[in-house]
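Chemist: Next come the chains, spelled out residue by residue.
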Amino acid sequence: MSVGSLTVAPPRTASPRSCGIAGVVLGALAWVITLPPIELRGMLASIVLAAIAAALGVVAVRGGQRKLGVETIIVALLAVAGAAASAKSSLATVESVFTWSALAAATLRYATPLLFGALGGVVSESGGVINVGLEGMMLMGCFWGVYGADLLGWWGWGLLVAMLAGGLLALVHGVLSIHLRANQIVSGMGVNFLALGITGYFLEYHYGPNGTPLNISQVPNVRLPLIQHVGFFGAAIGDANLLTWVGLALVPALTFFLFRMKWGLRLRSVGEKPRAADTVGLPVLRIRYTAVVVSGMLAALGGAYLSVGFVGSFSNDMTNGRGFISLAAMIFGKWRPWGALWACLLFGFGNAMSDRVSSVNPTLGTLFEALPYVLTLVAVAGLVGRSRPPESDGIPYERE
Amino acid sequence: MTGSAPPILELKGITKKFGSVVANDRVDFDVAAGEVHALLGENGAGKSTLMSVLYGLYTPDEGEILVDGRPVEIHSPRTAIDAGIGMVHQHFMLVRVMTVAENIVLGQEPSRWGRLDLKAARARVHELSDRYGLAVDPDARIEDITVGAEQRVEILKALYRNARILVLDEPTAVLTAQEVRELTGVLNRLKRDGAAIVFISHKLREVLDVADRITVLRRGKRVASVPRAGATEQSLARLVVGRDVVLSAAKRHGTPAEPLLAVADLHVGDERRLEKVSGVSLTVRSGEIVAIAGVDGNGQRELVDAITGMRAPASGRVRVDGREIAGQGVRAATEAGIAHIAEDRHLRGLVLPFTLAENLALREYRSPQCSARGWMRLAHLRERAGRLLSEFDVRGGGPDSYAAALSGGNQQKVAVAREIASNPKVLVAHQPTRGLDVGAIEFVHGRLIEERDKGRAILLVSLEYEEVRALADRILVIYEGRIVGEFSPDVSEEELGMAMTGGQVSRSEAVV
Amino acid sequence: MTLLEDELEGHPLGGEEESDQAALRSPARLTAFRRGSGAITVPVLTTVIAFLAGGLIVLASGHDPVSTYTSIFTGTGLNWLFPWIGGAARATAAGNLQQTLLQATPLILVGLAVAFAFRAGMFNIGGQGQYTVGGIVAVWIGSSFAGMSPVLHIAFAIVAAGLAGAAWAGIAGVLKAVTGANEVISTIMLNWIAIWLGVYCFQLGGPLQNPKMPQTPVSSNVVAGAKLPVFWGSAQLQGLDVGIFIAFALAVVFAILIKRTRFGYEARAVGFNPEAARYAGMNVGRTWVRVMLVCGAFAGVAASLDILGWKFNLYTNDIQVSQVGFYGIAVALLGRNSASGTVAAAVLFGALLTGTSDRNIHLSIDPTLVQYLTFMIEGIIIMLVATDVITLRLLKGGRRIAVALRSRPAKAARPSGHGAS
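Chains as they are written, first to last, in the working numbering: chain Y, 1 to 400; chain G, 1 to 512; chain R, 1 to 421.
Careful: at least some of the hints might be erroneous.
Unchecked claim - Here are the in silico distance ranges between beta carbons for each label pair:
no., chain 1, residue 1, chain 2, residue 2, range
1, R, Lys259, G, Asp490, 47 to 57 angstroms
2, Y, Ser101, R, Leu204, 25 to 35 angstroms
3, G, Ala120, Y, Phe256, 15 to 25 angstroms
4, Y, Asn215, G, Asp82, 40 to 50 angstroms
5, Y, Pro252, G, Glu143, 21 to 31 angstroms
6, Y, Lys88, R, Leu204, 44 to 54 angstroms
7, R, Gly225, Y, Thr93, 43 to 53 angstroms
8, Y, Pro252, G, Glu494, 39 to 49 angstroms
9, G, Leu378, R, Ser67, 47 to 57 angstroms
10, Y, Asn210, R, Leu56, 49 to 59 angstroms
11, Y, Arg388, G, Asp490, 31 to 41 angstroms
12, R, Ala60, Y, Leu151, 10 to 20 angstroms
13, G, Asp82, Y, Gly156, 57 to 67 angstroms
Said to hold, decoys possible - Per the computed footprint, the stretches of chain G lying under chain Y, defined by three or more beta-carbons under 8 angstroms from a beta-carbon of chain Y, are:
no., segment
14, 103-110
15, 234-242
16, 255-264
These are calculated hints, taken from the structure and not from any lab test. Backbone N, C-alpha and C define an ideal beta-carbon position, used for all residues, glycine too.
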């Protein structure tokens with residue numbers, strides 16, 4: 001998948017590749033046509049499309065694009081299964097599950113905390129520090145955000161306190177992994193435990209068995225006056241949380257920062273080859289510290305979205321593994337902001353789907369909960385393959 | 001211009017210790033504007049340490065540094081850059097995924113409101129590269145350019161930072177003859193512009209070619225500082241080694257018998273499926289050392305990998321004593337009788353956190369002597385290791401020591417011992433003496449000749465003229481993946497060098 | 001790695017730092033390497049420091065750390081080892097110690113599952129998922145086949161759970177070997193898939209939900225014949241079953257596998273330096289798969305011992321809140337990926353879990369607070385484990401200097417100087 005192989009490899013590999021990609025698109029289409037608004041009943045068209053897709057997959061395999069081809073075939077099979085499910089369900093059921101606007105809104109809701117975490121991961125790992133502690137940093141933001149909003153009376157202060165807490169925990173991770181040159185994965189796991197302990201301890205200590213108060217100030221939603229009542233868009237994004245918009249805005253902003261600004265260049269040089277950065281006089285350790293702390297702050301915002309933004313309270317281990325999903329989203333997104341966004345949206349969509357399916361069929365809904373993880377597994381194995389982290393990711397820098 | 005001008009850089013009494021090892025012992029050094037001052041010495045003589053001190057990467061234990069006669073504190077690369085010092089490191093300090101322009105401006109980027117001004121960067125790169133004849137494409141990615149171009153980028157990096165004192169650490173080690181000549185031209189232009197140049201090398205000939213003055217380091221101490229005029233290869237060699245040296249060792253020729261390794265029309269691609277070996281055919285007979293000579297990166301690595309089973313060739317045959325092994329993997333190659341002294345002992349040759357006993361078993365761990373029915377025979381491994389360590393004179397550890405604890409030379413002896421102990425028909429030795437000191441080199445060379453005389457077929461792949469000529473019974477020259485010539489070991493260096501660069505150089509030019 | 005050559009010759013100490021780094025580029029490999037020197041002192045010291053730090057937190061929140069720790073210690077039942085404890089206190093202590101060891105049993109095995117992967121250069125975050133599928137299979141088989149002979153039934157359930165765990169982990173291994181998929185992501189994903197699979201199985205209307213309790217999301221109960229015999233304490237009061245011996249036995253198997261077998265040799269070579277392993281003719285991908293199969297089997301068996309030993313059924317909620325995989329990572333790290341270390345760390349963590357659980361009536365402060373205090377202590381332990389690289393560096397540094405000192409004069413004096421150590 002590297003740019004190099006595209007430009008250097010002879011043109012003959014281009015054609016099986018495009019066959020594979022076309023196959024994936026056709027395969028997806030085979031399912032989509034059975035859903036609203038097309039709602040093709042009967043499975044003939046789907047089967048034909050999926051068969052073509054599978055054939056294209058075979059072509060891709062023959063042409064040397066083995067992984068992509070197999071991927072295409074899997075997509076085609078999944079599409080047939082999806083189409084069969086749609087065909088067997090009543091039209092009303094299909095429509096109630098696939099209310100696209102509601103699905104989109106829910107997708108964004110689920111994706112927001114993950115996005116902050118994943119972007120935090122991008123920042124930290126661009127600078128060469130693996131951050132398995134995202135989960136803990138999120139959890140810190142989750143609790144201290146509520147604490148701050150409760151104590152100081154305004155959600156804005158809550159977010160600030162959350163970021164401070166997340167940044168502080170990240171600093172611990174930074175000291176361990178940058179200064180003390182600890183193993184970064186192990187240090188990150190330690191930080192996760194620490195956060196679980198700290199948040200649980202202070203929840204109990206401050207609020208006792210009754211939990212956090214119910215009336216804290218929450219991050220408001222943004223009502224878009226122009227499109228709030230415009231069909232699909234109105235329902236999908238007309239009333240999204242402020243933090244959702246912040247998260248979405250951060251994606252292009254971070255991309256610009258990393259690839260167009262001098263500080264981004266420096267950060268990436270430190271993550272790729274710290275010795276090179278050092279020999280041109282850049283303060284490698286300071287840059288890494290900054291990256292890790294910013295990463296903790298971003299993750300904490302994601303956590304704060306859950307508590308201060310969405311639910312309005314905190315419960316133990318509220319993040320429940322979302323930090324790890326963020327980490328996966330970041331890797332899945334190839335250590336880039338846009339990639340991370342797509343990955344988070346995929347996870348969000350899976351969660352949203354399972355919610356909708358649960359409302360129709362609770363048993364099936366549970367299985368759909370696993371869907372985003374299955375998709376990620378398939379994607380990581382196939383389409384993404386060997387993605388390349390920053391060259392010095394996870395390696396402590398030492399001059400002497 | 002032999003030191004008559006006042007020096008712009010002086011190092012006085014620099015001492016640097018690592019634990020109990022004294023890497024630099026009260027070394028004095030200076031260089032004047034418009035002068036090339038060479039720092040000559042063997043690997044490990046302390047040249048790189050001295051320059052790391054100068055560049056602020058190491059803090060000296062004693063001594064001072066003066067620029068323009070004033071003492072300066074250099075405690076980081078930043079302060080070195082500010083003092084006008086530029087360094088071209090032996091191993092380039094470039095970020096592979098970034099472009100040439102990005103690498104050059106890194107740390108001092110032209111920018112507006114923090115936004116990179118790549119246009120300005122490109123313009124500046126063009127200006128500098130035109131002025132000094134350093135051709136580079138500012139928008140190319142480092143991972144896509146040649147080693148020679150990488151070095152030009154490194155020089156531009158220093159010039160972009162207004163370096164007046166340019167330190168080049170072993171700059172020719174990775175260059176083709178053509179590129180070396182280009183580099184010499186660049187250095188002359190820099191000299192004319194009044195730059196002071198420190199040229200670090202361990203190659204006598206090269207130093208005599210470019211330097212105005214030569215300082216020799218031996219075991220961390222400055223042993224002499226001589227003007228270019230009057231210095232000869234012999235006199236420098238004596239200073240470097242500390243005794244008289246015979247520059248070319250006398251040796252007996254082998255008595256080749258039946259062919260053991262036969263490679264026919266081999267084509268091999270690299271990771272990006274670019275063809276790196278294009279139709280190589282060669283034969284190595286029992287009792288013969290055949291050397292593959294060539295400039296680094298002309299397909300040697302891929303050729304060795306394909307022969308030893310590390311990499312499947314695109315097409316072609318590899319036969320060991322009649323048995324076809326091409327594309328069947330390392331185990332098949334080992335079973336057919338191939339042993340392989342790896343080019344890089346840290347990357348492949350050794351498992352550093354393994355004990356020596358475990359390392360010595362890597363080639364033969366599946367043999368009945370080493371393991372039976374899935375169980376390792378630990379006592380046997382240890383006993384065998386003890387035997388090999390004494391036979392190969394490995395010092396600094398026993399069978400239970402970790403490989404990481406040994407010095408480089410002893411690590412290499414372990415790797416060599418293991419491969420020879422597997423009693424191979426064919427021994428592929430890929431740069432077997434890289435980075436070793438004189439004593440260890442002599443040992444490995446002696447051992448290779450001994451093994452040849454026992455009737456093994458040895459394929460030596462080396463970048464060193466000296467090594468190739470000292471050991472080989474036949475020399476094959478590889479250039480861009482093809483064997484372009486065969487020579488006997490008494491070939492002249494010029495002739496060999498010409499073949500190694502594709503024969504584009506005319507004979508008169510080759511004799512610099 | 002040409003960088004190394006020059007550095008190494010120039011100044012051996014500086015150079016070897018670099019060389020270690022190169023050999024240990026993967027973080028997982030780094031932890032693998034750290035095993036060995038300082039094997040006992042460092043973890044013990046680590047634990048002590050962590051408890052001291054935890055004591056400060058207790059003190060800061062207005063409680064008495066000494067009495068808190070004393071009551072936690074009493075709660076673990078480790079005071080049973082003191083001969084002067086007698087009477088009713090001894091009976092209570094016995095009961096507590098049984099719980100501690102019950103907790104330690106799965107932690108040993110999940111810890112081994114993580115440790116084995118570490119030794120082969122992989123980071124198995126998937127202990128949770130492997131444990132979960134093992135549990136599903138164990139409870140399914142344990143609650144079926146009512147008429148089977150007990151020994152056979154138990155063996156069948158344990159082996160099947162082990163195979164299920166192996167298969168689950170094998171997915172990650174195969175993906176890594178065939179497509180290069182990062183095992184960290186794939187095992188995290190497999191954890192979640194396993195959890196939802198488990199919830200699906202036992203939820204209301206799920207295929208394995210207990211038909212006798214239609215309103216409860218729980219599995220059927222393990223039949224009497226498939227329960228592991230209790231050998232200490234009363235079966236009614238959740239005494240200690242023989243599962244702990246199976247865990248101990250598997251720890252021995254782990255040690256033998258790693259140290260004495262060809263498979264272990266290959267796994268360690270692949271873990272330290274896959275390129276060198278390939279160079280030695282090993283099939284790196286196949287080794288990864290086989291290692292993951294073994295890891296998964298350990299975790300799967302862990303779940304079966306819980307199910308057949310004292311849980312006897314699985315609630316969907318149990319599946320969702322279980323953190324045994326998380327603990328397994330901590331246990332492996334603290335135990336430095338060795339068998340004995342993992343067993344010791346598992347007992348320590350089991351003790352912490354029991355000593356701070358709600359059922360510990362000795363606690364002078366809110367048990368919930370103490371539970372979270374435990375998390376903090378565990379976090380600090382793990383962080384210190386991460387940094388004991390420093391300790392090791394010191395040890396290694398000392399050794400190198402010693403080597404350098406010895407080799408210098410030796411070069412001049414002795415003709416052949418290989419040590420006999």
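Chemist: Compare the structure with each hint and give your call.
Modeler: Verification of the hints:
Range check, R/Lys259 to G/Asp490: Cβ separation about 54 angstroms, and the 47 to 57 angstroms hint holds. Range check, Y/Ser101 to R/Leu204: Cβ separation about 30 angstroms, and the 25 to 35 angstroms hint holds. Taking the beta carbon of each, G/Ala120 and Y/Phe256 are about 18 angstroms apart, inside 15 to 25 angstroms as hinted. Separation of Y/Asn215 from G/Asp82 is about 58 angstroms and departs from the stated range, judged on CB atoms against 40 to 50 angstroms.
For Y/Pro252 and G/Glu143, the hinted distance range of 21 to 31 angstroms is satisfied, since their beta carbons lie about 27 angstroms from each other. The supplied range of 44 to 54 angstroms is broken by Y/Lys88 and R/Leu204, whose beta-carbon atoms lie about 22 angstroms from each other. With their beta carbons about 45 angstroms apart, R/Gly225 and Y/Thr93 fall inside the hinted range of 43 to 53 angstroms. For the pair Y/Pro252 and G/Glu494, the supplied restraint of 39 to 49 angstroms is violated, since their beta-carbon distance comes to about 59 angstroms.
Take G/Leu378 and R/Ser67: their Cβ atoms lie about 51 angstroms apart, and the range 47 to 57 angstroms holds. Between Y/Asn210 and R/Leu56 the beta carbons are some 28 angstroms apart, a value that contradicts the proposed interval 49 to 59 angstroms. In this structure the hint that Y/Arg388 and G/Asp490 lie 31 to 41 angstroms apart at CB is violated, the actual value being about 48 angstroms. The beta-carbon spacing between R/Ala60 and Y/Leu151, approximately 19 angstroms, falls within the hinted interval of 10 to 20 angstroms.
The given range of 57 to 67 angstroms is broken by G/Asp82 and Y/Gly156, whose C-beta atoms sit roughly 43 angstroms from each other. Counting residues of the segment 103-110 of chain G whose CB lies closer than 8 angstroms to any CB of chain Y gives 5, which reaches the minimum of 3, so the coverage claim holds. Coverage of the segment 234-242 of chain G by chain Y is violated. Counting CB-CB distances below 8 angstroms, 0 residues qualify, and the rule asks for three or more. Look at the segment 255-264 of chain G against chain Y: 0 of its residues bring a Cβ nearer than 8 angstroms to a Cβ of that chain, fewer than three, so the hint is violated.
Checked against the numbered hints given earlier, the structure breaks hints 4, 6, 8, 10, 11, 13, 15, 16 and satisfies all the rest.
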